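Trainee: Sequence lines, in order, name chains A and B.
Counted from 1, the first sequence has number 460 at position 460 by the working numbering; the numbering is strictly sequential.
Add 541 to the 1-based position in the second sequence for the working numbering, that's all there is to it.
Just so you know, the hints here were simulated from the structure itself, not pulled from any lab data.
Source: prediction; values computed, not measured.
All C-beta atoms, glycine included, are put in the ideal place defined by N, C-alpha and C.
Among the hints, a few may not be true.
Stated by the list, open to error - 30 Å max Cα-Cα, derived DSSO-like pairs, lysine-lysine:
| id | chain 1 | residue 1 | chain 2 | residue 2 |
| --- | --- | --- | --- | --- |
| 1 | B | Lys-608 | B | Lys-593 |
| 2 | B | Lys-661 | A | Lys-266 |
| 3 | B | Lys-807 | A | Lys-380 |
| 4 | B | Lys-807 | A | Lys-266 |
| 5 | B | Lys-608 | B | Lys-807 |
| 6 | B | Lys-608 | B | Lys-872 |
| 7 | A | Lys-67 | A | Lys-52 |
| 8 | B | Lys-921 | A | Lys-52 |
Said to hold, decoys possible - Residues of chain A placed beyond 12 Å of chain B at every Cβ, according to the derived structure:
| id | residue |
| --- | --- |
| 9 | Asp-3 |
| 10 | Gly-38 |
| 11 | Asn-68 |
| 12 | Leu-94 |
| 13 | Arg-114 |
| 14 | Ser-198 |
| 15 | Gly-246 |
| 16 | Asp-321 |
| 17 | Lys-331 |
| 18 | Gly-358 |
| 19 | Leu-371 |
| 20 | Glu-383 |
| 21 | Ala-439 |
| 22 | His-474 |
| 23 | Leu-534 |
Protein chains: 2
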Amino acid sequence: MSDLHVYDTTLRDGAQQEGLNLSVADKLTIASHLDELGVGFIEGGWPGANPKDTEFFARAATELELKNATLAAFGATRRAGGSAATDPLVRALLDSRAPVVTLVAKSHVGHVERALRTTKAENLEMIRDTVTFLRGEGRRVFVDAEHFFDGYAVDRAYALEALRAVFESGGEVAALCDTNGGMLPGQVWDVVTDVAQSLGLTGLDAGASGDARLGIHCHNDTGCAVANSMAAVDAGATHVQGTINGYGERTGNANLVTVVANLQLKVGQQVLEPHRLQESTRISHAISEITNVPAYSRQPYTGASAFAHKAGLHASAIKVDPDLYQHLDPKHVGNDMRMLISDMAGRASIELKARELGLDLDPLRDEDSALVQRVLATVKDLELRGYTFDAADASFELLLRREIDGALPPFFEVESWRVITDSQSDGGALSEATVKLTAGGKRVLRTGEGNGPVNALDHALRLALATAYPEIEHLELIDYRVRILDAAHGTDAVTRVLIETSDGETTWETIGVAANILEASWMALVESVTYGLLRAGVPAR
Amino acid sequence: MSDLHVYDTTLRDGAQQEGLNLSVADKLTIASHLDELGVGFIEGGWPGANPKDTEFFARAATELELKNATLAAFGATRRAGGSAATDPLVRALLDSRAPVVTLVAKSHVGHVERALRTTKAENLEMIRDTVTFLRGEGRRVFVDAEHFFDGYAVDRAYALEALRAVFESGGEVAALCDTNGGMLPGQVWDVVTDVAQSLGLTGLDAGASGDARLGIHCHNDTGCAVANSMAAVDAGATHVQGTINGYGERTGNANLVTVVANLQLKVGQQVLEPHRLQESTRISHAISEITNVPAYSRQPYTGASAFAHKAGLHASAIKVDPDLYQHLDPKHVGNDMRMLISDMAGRASIELKARELGLDLDPLRDEDSALVQRVLATVKDLELRGYTFDAADASFELLLRREIDGALPPFFEVESWRVITDSQSDGGALSEATVKLTAGGKRVLRTGEGNGPVNALDHALRLALATAYPEIEHLELIDYRVRILDAAHGTDAVTRVLIETSDGETTWETIGVAANILEASWMALVESVTYGLLRAGVPAR
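Construct the complete structure from the given sequences, taking the supplied hints into account.
Mentor: Shown next as structure tokens:
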């Protein structure tokens, strides 16, 4: 197995992403997920500088049980003119008790003189002093050479001196950082090759024996973070930094799973144990749920859309042989092939989707063929009106079943619903929904309250159905997404609501489209409960 | 100026993205935007196969006035065993009246035999026949060699024969497609170099004289679409295909603006006129509004976050010199540097943001220094509760002004609000909101209706303020985004609402955070109207 360092900085550099806001509890949970993925190092944050991170490391000491990864604390070289032993921020790094300390150091003359306002010599002293001190305290020390590539372009000799200072003081890794993200792959390869040669570091042998390693840390400002990282590894780097889901400031850091999957599945470099890479999709999504930043569905390998096929043409070919339209079997990264139902769906897409949902249609039977045609026509029509079935599998399944069985079981009949929301004098607002329906042969009127109108509607609906259908009482609304659409510019907007429901074992998504957000929500709720009843195998009462 | 073909397939391949659903009107508008950007070719769709696209080309003939780009119709080589002259889909390509026809052709033996179920020889005949026929009808012909790289790996000789068939029949471009997206940059470079040599095509000279060109068409399944495209150009391709915002099936097509910006601003290859590249951010966002697919804020160059700086550390350096933390001046692509206000914000971020908003704070004045400290503390506290000011500039400006002036002008005082939504017997739902407030010395009660509860609240609020403040009557709620947050896992979720308002000249975003979605919406609405009044320079009445 390859000795490549897989170094995750999601909790530190990744957290610099716009809109990302992690609590200490979030960070601890994410760290366990990263550990499951099998990364070698987890950079937990900047203790001392960031109070949340000081707390993270304190709690990690007792609450976080890492089985694979080593925790790293990030910080900076000591202040100019000071001393590492008495620098409070350096002390905070020790107090974190992390076995690895990663220091950001300047290697760019311009930054040394204008940002730090110190001398080239003092900057090298800052590196030596801090690295030596931390080594003396028994820590492994990695150094991030900030703005390395830009610094190398401005003053190559000084940039190399900075790296020498790291290794001569006992530093284990000097990670070359493309901090501004402006590099292209060929340029990175050239620089890393030159650095490796100049410092006498070549490939994995040096790394495996415990000697100095070159690392790489890229950002995606030219859209080449992954390619740059791979070029660096090809040129001799044996330590790769990145983040899960490519989180990070501006355009993000290199997506660590993409880099690892490419190295492992394309280049043949065994970086993680295969069974761990198969967990990457699950872990990528789990972490995305915690960060509350919508998962980027189109990210390579682990994105929800990464293996989702829409064009009818592709679906026809996939029926013949999945490998005709996929660059690899999604199982390697724990993802699935998905057929998207849309107005581009050909008959083949519908047949494949039905099969995916466990409904067997025979394309050679006239009946089934006509059914597929009808479903196709219905889908195209609904999508013109704003529906998007490629994000609402359960609603599509209901649509299919309606066509196959002629109608869905008559679980209940809705008479009316109403929601009232009042502001409260002490601030806040209270929502109350009343639902009237017939179920189990009885007319039922129930009122539910909620911290919001949709919540109230959901409660009222389930209260109203509780007597006739006790099976649905454990259903839980876990996600709710709204989008206002201009169906055709110039006319009234419609609202599309996607609801995710859980029954404790699995989750499903349903959709509602209407001019009124609460009506759209109601439609999605009714579909959700209907689907839940079908799933539970409950007969209409 | 470089002779590179910049070929946009947003309207055809891009449209295969999950969730993307374009009307003909949308396509026509997007086409004009692409024309403004200065791309050389706009692939409008697949007439004949896709009724929407047949209509697009028909309307484009009279409604679309392209000043820079040439329209291309996409289609396939004729059916196996048929004849191009009588093939209805080939006829449809002619009927589209597009000056360029781009044909997808097989160059992969596996696809020829198993997907098309024909012979290697017949496939070459299909290429020759269709290209020759269309040339005879006066069309320029480009051919997309589908699955080229995979086909080259399986049977290099046949793949090259397919390309020869294209050029020998009068085809102008053979675009090598990495249809499954599994390639890495080094591999692409090797293949394109070999193909260019084998076919006697080298670099731009051949292209400029009107001879055959090699093109490149990449997808992002290994996260290397941009790098792959650039490797191909470096190896001799003179025609690059991609989509705006990287739209496309699965992980998307190569982001055309990223490729062009890299070539132009990093490699020094003048691809578009400089003033056109400066329009790319505006155009990227305009098209994203039309597609209704949320703009990917972290995309290189044109993403809203591409030059957004969050870390306090970075902000301090940027105060010294923007180039210390940016890989290039965002002005080249029409983007802006943005300081994000967040709990990572250092004092420098606040000062820079205030300056960005036109409020002059003097960091050396004790008063201003204490103010910045207070604002910083307030921001960190609010962000812990779910606020995200990096997406709500107007709310942050109000926060700043509250601190600077002590309080905002007392425009109005809210007594209460209420919203009722009722289902209607004919389907649909009606919302009604009642707002009670004091403005201009009078107590006012107004009820507004709306196609949704927030809409109704917005109408009621503005009706209630109309007498005292006629200045706000033209304000319009143009976007509304909701996100449910788990502030700390295990406790109640809060809802974050972001509202975008327009006064006809500009737009601004405000935020509201509360347990109840309507309360959060109300908060954002009140901030929006308040900001509108401040912006209009109206005094409190």
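Trainee: Next, verify each hint and record whether it holds.
Mentor: Against the structure, the hints come out as follows:
1. B/Lys-608 / B/Lys-593: holds (24 Å)
2. B/Lys-661 / A/Lys-266: holds (29 Å)
3. B/Lys-807 / A/Lys-380: violated (44 Å)
4. B/Lys-807 / A/Lys-266: holds (28 Å)
5. B/Lys-608 / B/Lys-807: holds (27 Å)
6. B/Lys-608 / B/Lys-872: holds (24 Å)
7. A/Lys-67 / A/Lys-52: Status holds; Cα separation ~24 Å.
8. B/Lys-921 / A/Lys-52: holds (11 Å)
9. Asp-3: holds (21 Å)
10. Gly-38: holds (20 Å)
11. Asn-68: holds (24 Å)
12. Leu-94: holds (21 Å)
13. Arg-114: violated (6 Å)
14. Ser-198: The assertion about A/Ser-198 holds, with a minimum of 23 Å to chain B.
15. Gly-246: At about 8 Å from chain B, A/Gly-246 fails to clear the 12 Å cut-off, so the statement is violated.
16. Asp-321: violated (6 Å)
17. Lys-331: Holds, since 15 Å exceeds 12 Å.
18. Gly-358: A/Gly-358 clear of chain B: closest Cβ-Cβ about 22 Å, beyond 12 Å.
19. Leu-371: A/Leu-371 is indeed farther than 12 Å from all Cβ atoms of chain B, at 22 Å.
20. Glu-383: violated (6 Å)
21. Ala-439: Fine: 17 Å to the nearest Cβ keeps A/Ala-439 off the interface.
22. His-474: holds (18 Å)
23. Leu-534: It holds; A/Leu-534 is separated from chain B by about 23 Å at its closest Cβ, greater than 12 Å.
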